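Participant: Residue numbers (numbering that gives the first Met the number 0), protein chains in the order written: chain F, 0 to 235; chain S, 0 to 235.
Among these hints, one or two may not hold up.
[Stated by the list, open to error] Restraint ranges, calculated between C-beta atoms of paired labels, are given here:
no., chain 1, residue 1, chain 2, residue 2, range
1, F, Asp165, S, Asp34, 37 to 43 Å
2, F, Thr169, S, Asp3, 30 to 36 Å
3, F, Lys212, S, Lys14, 48 to 54 Å
4, S, Lys66, F, Gly168, 57 to 63 Å
5, S, His197, F, Glu231, 24 to 30 Å
6, S, Val73, F, Ala219, 43 to 49 Å
Treat the hints as calculated values from the structure; they're not laboratory data. All values derive from a computational prediction rather than experimental measurement. By construction, the Cβ of each residue, glycine as well, lies at the ideal position given by its N, Cα and C atoms.
Number of protein chains: 2
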Amino acid sequence: MKNDSLQIIPVKGIKEVKKGDEIAELILESAQIKDGDVIIVTQKIVSKAEGAVVKLRLKDPEKHKKKIVEDESVRIVRQRGDLIISETRHGFICANAGVDLSNVEKGYVAKLPKDSDKSAHRIKKRIESSLSIRVAVIVTDTFGRPWRKGLTDVAIGVSGILPILDLKGTKDSLGRDLLVTEIAVADELASAAELVMHKSDSIPVAIIRGINKSWFTERAVSIGELIRAPSEDLFR
Amino acid sequence: MKNDSLQIIPVKGIKEVKKGDEIAELILESAQIKDGDVIIVTQKIVSKAEGAVVKLRLKDPEKHKKKIVEDESVRIVRQRGDLIISETRHGFICANAGVDLSNVEKGYVAKLPKDSDKSAHRIKKRIESSLSIRVAVIVTDTFGRPWRKGLTDVAIGVSGILPILDLKGTKDSLGRDLLVTEIAVADELASAAELVMHKSDSIPVAIIRGINKSWFTERAVSIGELIRAPSEDLFR
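Could you put the whole structure together from the sequences, leaning on the hints where they help?
Facilitator: Laid out in C-alpha cells, this is it:
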C-alpha cells in the first residue's frame, strides 16, 4: 500500500446477529484485524446484539411504531406526514429517532443502542485483549441532513479515537493560522466506511487501515463531543 | 489490495496553483492515475486556477469581505455576530457563502468556482484524453452542518459519477425492500478524501481507487442532484 494512503476494507461473512452475540468475536472470526485499524460497526448489529429490537404489536403496528419513536425522542424537531425528525436522548437529531425497519425481521423495529460509546468501547477492549493490539471502534448510523439530498453515515459511538481533530495552532500552506480548525473525522470515517458496505449486501463492518496514529487516544472519548450545544446551534 | 476494498491516496507535490493553471496537468505531473479512479479536488485550487480570488481593499478589508459574502449569497439563512450562513447561487447553504481566507495569500479571499460541475468535467476530460482511461472527478469544499460539531468535506461539483446512489428496488439482508434508498456517495467520497488531505499539508487532491464501476456514468450529472428542493426541505 502506498505510503500515507488509507485502505477501506469490507468485512464479509458476518452471520445474522442475535441478542447476546459478542460482536467482537464475530469480527475476529471474519477479519484479520491489525494494530492501528479503525473498525466501523453499523448500529443495526449493535442494536440486535444488545436486544434493542422490539416486536411490533400485530394490531396496528404503525401506531405502535409511532409510540416507540415518541418514547425514543426527547423533542420533536420537525414533522411532516409520517416523517418525524426528533432529538434522541443521546442528542442526535434524525428521522424517527433512529428507529428503523430495514435489515430487521418483519414485524420488528430496531432502536438505537442505549449507549453506543459503551458498545464501541466493549468491542474495542475485547479485540485488543484478544490480539494484543491497539484499535479504535466507531459505531455508525445512516442519517439524513438538511438542505442536501441523500443520506450519509455518521458516528453515533466512539472509542479510542478523537471524534474531532482540532487543527488550532497549525498553519495553512502559506504559513497562516488555519481558520477551519475542527474536522469531524469520526463522521468522515463513518462515511468512508459506508462506501464499501452496500446496505443490500449485509456488510455491517468495515476496517479503515492506515490512519494517522496521532488520532488515536486512550482518553474516554464520547460522541457528545460531536453534538453541538443548543446554545451554539443556529438551527434548533 | 484486498478485493472490494477502496484505497484513498493523497496526491503530494502539487505546486501553489496560479490563475490559468490547468489542474488536470498538475495532477498528471504528480500522480499515477488509473482507469476507474475517482479524483477528488478541493475547491481552493479550482478557485485559484479560475481566478476566483479577490484582493481585499486595504481600507477596511473586513467590510469588503462582508460585501463579497453578500454578493455571493442569494439569501441569508442565519446570522450571528460575524458568522453568516447563507445560500449561494449554486444552492449550497454554508458559512460565508463559501468565501474564505485559508490557503490564500494574505489580503485575498477565494470565492467558490462559478460552476464546479463544469470545472470537474474539464479536469475529467483532460485526464481521460491524456491517458485514454475513464475517471470521475469531484470538486469538494469543507462545510459545517447543523446540530453536529466539526466540519466535513462535501461535494460541490461532480463529473462522471452518480452523486446519489438510489437503492430503490434492492432488498435488505432479510429480503425486504430497502427503505433507505438514496445514499449521497459523492459526499461520502468527499469526506473519505479529506481524511488524507490534512489542510495544513497542502494536499489539495486525493485519489479514491476501487469503487464500484456501476457508480460511473457518462450522463451529464450535476451537483444540483444533491440539493434538496426547498419544497421538500423542512429546514429552510
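Participant: Is the gap between the beta carbons of Lys212 (chain F) and Lys14 (chain S) within 48 to 54 Å?
Facilitator: The hinted range 48 to 54 Å is violated for Lys212 (chain F) and Lys14 (chain S), with Cβ atoms some 29 Å apart.
Participant: State, for the Cβ atoms of Val73 (chain S) and Ala219 (chain F), whether the hinted interval 43 to 49 Å holds or is violated.
Facilitator: 44 Å, holds
Participant: His197 (chain S) and Glu231 (chain F), beta-carbon distance inside 24 to 30 Å?
Facilitator: For Glu231 (chain F) against His197 (chain S), whose Cβ atoms are near 26 Å apart, the range 24 to 30 Å holds.
Participant: For Asp165 (chain F) and Asp34 (chain S), compare the CB-CB distance with the range 37 to 43 Å and indicate the outcome.
Facilitator: 38 Å, holds
Participant: At the C-beta level, are Lys66 (chain S) and Gly168 (chain F) separated by a distance inside 57 to 63 Å?
Facilitator: At 30 Å between Cβs, range violated.
Participant: If I claimed the Cβ atoms of Thr169 (chain F) and Asp3 (chain S) lie 30 to 36 Å apart, would that claim hold in this structure?
Facilitator: Roughly 35 Å apart at Cβ, these two residues keep to the hinted range, so it holds.
When the structure is compared with the earlier hints, violations turn up for hints 3, 4 and for no others.
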